[in-house]
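Asks: Use the sequences and the hints to build the structure in full.
2 protein chains.
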Amino acid sequence: MRSARSVNQPSSPRASVPDKREAILRAATKVFAESGYFNSKVADVARVAGVADGTVYLYFKSKEEILRSIFERGVGEAIAAARAETAALDDPREKLRRIARLHLERLGADRDLAVVFQVELRGSTKFMEEFSAAGLAEYLRLIRETLEEGQRAGLFRAELNAKVVAKILFGALDEMATNWILSPRAYKLAPLADQVLDIFLNGVSSNK
Amino acid sequence: MRSARSVNQPSSPRASVPDKREAILRAATKVFAESGYFNSKVADVARVAGVADGTVYLYFKSKEEILRSIFERGVGEAIAAARAETAALDDPREKLRRIARLHLERLGADRDLAVVFQVELRGSTKFMEEFSAAGLAEYLRLIRETLEEGQRAGLFRAELNAKVVAKILFGALDEMATNWILSPRAYKLAPLADQVLDIFLNGVSSNK
DNA sequence: CTTGACTGAGTGACCGTTCATTCAGACGAG
DNA sequence: CTCGTCTGAATGAACGGTCACTCAGTCAAG
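Taken in sequence, the protein lines are chains D and R. So the first sequence is numbered by this note's numbering: it starts at 34 and just counts up by one. So the second sequence is numbered by this note's numbering: it starts at 34 and just counts up by one.
Keep in mind the hints are simulated off the structure, nothing from the lab. Just so you know, even glycine gets a beta-carbon here, dropped at the ideal spot from N, CA and C. All clues stand as given, with none of them false.
Taking lysine-lysine pairs in the BS3-like style, the calculated list, with each CA pair at most 27 Å apart, reads:
(1) R:K96 with R:K53
(2) R:K74 with D:K159
(3) D:K96 with R:K159
Some, not all, of what chain D presents toward chain R, calculated at C-beta under 8 Å:
(4) V148
(5) G156
(6) N194
(7) V197
(8) G204
(9) M209
(10) V237
Replies: What follows is the structure, encoded as structure tokens:
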């Protein structure tokens, strides 16, 4: 069926054809998005991935670890992308715009992944706390630091609490994504980033 | 407790002393908040409510219906309160401030209820879609209409899409609430409404 | 006695996880 | 090249525990 990949994956030296791990993650994202994490059966994930039930447990310790892996990879990539793309920019306003655009572009590009991130990952305080601590905090910090940069530059009102302001921006973007998922209408998610940023920057701006 | 509730859709017309229904709802809110909806056992809810397992089914058709009832009551009350409190106000800006305050005050006053609303209800697209259609849409409409009122009055920028702007405000408030729940620090939620409104109104305001 | 709210042990379905077994391919010997 | 041997990835049936829901019976009130 699948010719062996030439590129070796570094993390798991013993897996012979590590496509399987990838296939399981992709399948799980799809299945979780469709039925919800708690309603999904490991057997369904296995079937969609094209492997046997037991094979799932050669790559993941438990059903929960699959969800965790989806999250960690997603957040990791998102943060890396945001850092990389903003590094070259000077204006903090442009940085925030880039972050917002990336945020909605990434989610808008993969509806299944978006559902898992916006809905399934929120379904229990246990997950939320864990995941929140894991990657979300870092994402919020990235936004906050950019805001503080703008405050030092005199672009944003200095009296604002950057932590709270970061949450406002994140919350607004988050709601755009959640609404997009739940909406039966098919529209583009990414362009909303500009509308959000427009209002947001106006709201925090000090010059006028 | 003779007086019948005006708005109940009784799954069980035979229930004579509806205190039990109330006790079960309260217990379920607590249990769901503590363990998460999917990890909660109906037996736990019954125990906390001080009734037998079977009694739960005299008042609710299923475990899911308990969750739905918690949601419907909460949203219904929130919308009623928001409408009542804004009716007397003229300035759309004041109306929005009232809505935002009420939003965070209500959630801040009952942590268990807040957890169910911010976390447990989000845990599956099935719930989300249903609930979203049910009450959340109306809440967003209330905000949107207030925004449009402000646009007509020339207070808010007319070129903004009120639907999107309503989501931004809701999303920002929502994130405040979610963060408050997950935070180990004990702080007051309601005062954040003013910080959010400050930035928000600045962002949408047309005069300057 | 009748009524019906209430009880809680029981039941059956469900599903995450395990593990005995299979077998495709690697490899050394001849 | 062809065996024979070995390995461990992959399999999927079976297990064991859990839990939503049921219903035959209890009991108090009238």
